[in-house]
Amino acid sequence: MDTNKILYYTDGHEVMITDSGFRVKKTTYNLNGITRHGLSIIYPARAPFAVLIIIGSLLFACGAINFLPASISGSVTLLGFTLLTNSVVMAAGIFLLIIGLLIMFMSKEKYAVRIFTAEGEKNVVISRSREYISQIVDALNRAFLDLVKQSQKGPVKSQEPRLKQ
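Number 247 marks the last residue of the sequence shown (our numbering); no jumps.
Accuracy of the hints is not assured; some may be wrong.
Derived SDA-like pairs: lysine to any residue, alpha-carbon spacing no greater than 20 Å straight-line [to be verified]:
(1) K107 - R196
(2) K107 - T199
(3) K87 - S233
(4) K204 - V106
(5) K87 - D220
Keep in mind the hints are simulated off the structure, nothing from the lab.
Full structure from sequences and hints, please.
Given below as structure tokens:
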């Protein structure tokens with residue numbers, strides 16, 4: 083980019099905002115081509131883990147109330163230990179339940195700089211850090227405000243008052 087441009091933000095690597103463009107990696111978006119921008123929150127998909135929790139709870143409940151048919155209930159020998167089939171089913175249910183809960187609560191939302199152009203809308207920068215994305219959005223806001231101020235400074239026509247006849 084030219085040296086006479088105003089630099090609003092750079093992270094030193096992938097993102098740079100100047101008075102004319104918004105560059106992410108090797109893609110440059112002209113500020114005049116961006117119709118709207120903002121911070122977007124991308125929530126993690128929690129439905130698969132909720133299903134895992136439900137299956138784990140059902141397995142535990144089936145083992146706890148001896149719901150297994152008599153033909154498969156009995157004892158199982160694992161690593162030299164003899165366990166009842168209901169106990170194995172309960173342990174499997176607890177395992178699935180704990181795994182589902184851990185993954186569900188460890189998955190965090192991501193934040194994105196979302197821009198709207200004539201081509202459509204896209205998340206151009208995605209991060210787990212809300213502060214990082216907020217800095218980029220704030221810099222875009224400053225760049226757009228300066229762009230609007232510059233366009234308003236254009237040639238001003240003097241208007242003389244008209245006399246009524």
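Given the hinted pair K107 and R196, is their alpha-carbon gap at most 20 Å? 15 Å, holds
K204 paired with V106 [C-alpha distance capped at 20 Å]: 12 Å, holds
Please verify whether K87 and D220 have alpha carbons no more than 20 Å apart. 18 Å, holds
Hinted pair K107 and T199, Cα distance within 20 Å: OK: K107 and T199 at ~18 Å, within 20 Å.
Are the Cα positions of K87 and S233 separated by 20 Å at most? 16 Å, holds
Consistency with the previously given hints is maintained throughout, with no hint failing.
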